[in-house]
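Based on these hints, arrange chain B on the given structure of chain A.
Number of protein chains: 2
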Amino acid sequence: MEIRHAEPADHARVAGVIDDWWGGRRMRDMLPRLFFTHFRDTSFVADDGAGLAGFLCGFLSQTYPDQAYVHFVGVAPERRKSGLASELYERFFEAARSARRTSVHCVTSPGNTGSLAFHRRIGFEIEAEVEGYDGSGESRVLLRRTL
Amino acid sequence: MEIRHAEPADHARVAGVIDDWWGGRRMRDMLPRLFFTHFRDTSFVADDGAGLAGFLCGFLSQTYPDQAYVHFVGVAPERRKSGLASELYERFFEAARSARRTSVHCVTSPGNTGSLAFHRRIGFEIEAEVEGYDGSGESRVLLRRTL
Numbered sequence: 009m010e011i012r013h014a015e016p017a018d019h020a021r022v023a024g025v026i027d028d029w030w031g032g033r034r035m036r037d038m039l040p041r042l043f044f045t046h047f048r049d050t051s052f053v054a055d056d057g058a059g060l061a062g063f064l065c066g067f068l069s070q071t072y073p074d075q076a077y078v079h080f081v082g083v084a085p086e087r088r089k090s091g092l093a094s095e096l097y098e099r100f101f102e103a104a105r106s107a108r109r110t111s112v113h114c115v116t117s118p119g120n121t122g123s124l125a126f127h128r129r130i131g132f133e134i135e136a137e138v139e140g141y142d143g144s145g146e147s148r149v150l151l152r153r154t155l
Numbered sequence: 009m010e011i012r013h014a015e016p017a018d019h020a021r022v023a024g025v026i027d028d029w030w031g032g033r034r035m036r037d038m039l040p041r042l043f044f045t046h047f048r049d050t051s052f053v054a055d056d057g058a059g060l061a062g063f064l065c066g067f068l069s070q071t072y073p074d075q076a077y078v079h080f081v082g083v084a085p086e087r088r089k090s091g092l093a094s095e096l097y098e099r100f101f102e103a104a105r106s107a108r109r110t111s112v113h114c115v116t117s118p119g120n121t122g123s124l125a126f127h128r129r130i131g132f133e134i135e136a137e138v139e140g141y142d143g144s145g146e147s148r149v150l151l152r153r154t155l
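Protein sequences appear in the order of chains A and B.
Going by this note's numbering, the first residue of the first sequence is number 9, and it counts up by one from there.
Going by this note's numbering, the first residue of the second sequence is number 9, and it counts up by one from there.
Derived by calculation from the structure, the hints in this document are not laboratory data.
Incorrect hints may have been included.
Coverage of chain A stretches by chain B, computed from C-beta distances (three or more under 8 Å per stretch; other residues unrestricted) [as the list claims (entries may be wrong)]:
no.	region
1	13-26
2	39-51
3	61-71
4	81-94
Label pairs and their in silico Cβ distance ranges [said to hold, decoys possible]:
no.	chain 1	residue 1	chain 2	residue 2	range
5	B	THR121	A	ASP27	29 to 35 Å
6	A	ILE134	B	ARG128	35 to 41 Å
7	A	GLY122	B	ARG34	24 to 30 Å
8	B	GLU135	A	GLY24	21 to 27 Å
Negatives, chain A to chain B, calculated, CB over 10 Å [to be verified]:
no.	residue
9	MET9
10	ASP56
11	GLN75
12	GLU98
13	GLU102
14	ILE130
The C-beta atom is built at its ideal place from N, Cα and C for all residues, glycine as well.
Same shape as in the complex, but just chain A:
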């Protein structure tokens, strides 16, 4: 398994599998190529012999100079429970620390108990649950981890 910084060409590889990895939901539009071009130092791709194993897209907040934000993390269905998502987060934490960030933030759905349990395990705490967070009427859980 090799984890490296994302490159623009990785976008097409991720875009080709992301809807499947999310069980058929249409996710692709939420992850435009710009993340693989302009946020390479805080985005990562994991490859193994079989191809793309996982990815993480994040960035350093421009508004809050002490914060970093994770937009998307995905692991191939056959690679889940392997610790890969934690490793991707560790790489992101290192990159954020190097940029003098003191907290990492992300957002998930209140019904996604797997995601909530995972984030707690790697040190995230729930900051708030916000109704209508994304403008669609759905609520979202805001998570925060101190670095």
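Only chain B this time, still in chain A's reference frame:
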């Protein structure tokens, strides 16, 4: 008409109109709330007495310290041809110059002749047309403007 920096609460206002402003296309997923939270200093909202008149979401590239990128610009249908999109871009150019960026980049569709003509008028040049740019098999025109 007031143009000011974007705030997180603007996301719901933009999300509520964006599909209509794009003629019914589903655009909302491409503009998550994070742009209104973490890229406020390079994102702008225009309000007039009637409500939301336009917006621009952009950011400073992390990968390329001399570049800034515009992700989305929208103007209410009844406000088009008023110069508002140019004003929004001018605000972005100022913000990018303040952050010592020397070029601004964006992407549009080759068939969107209105968008291409507009960007040329405000100083953009075509850098390249790239097939399959966004992973969907569609091509995109990459635009660049020197600051």
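Violated constraints from the hint list, given by number and in increasing order: 4, 6 and 11
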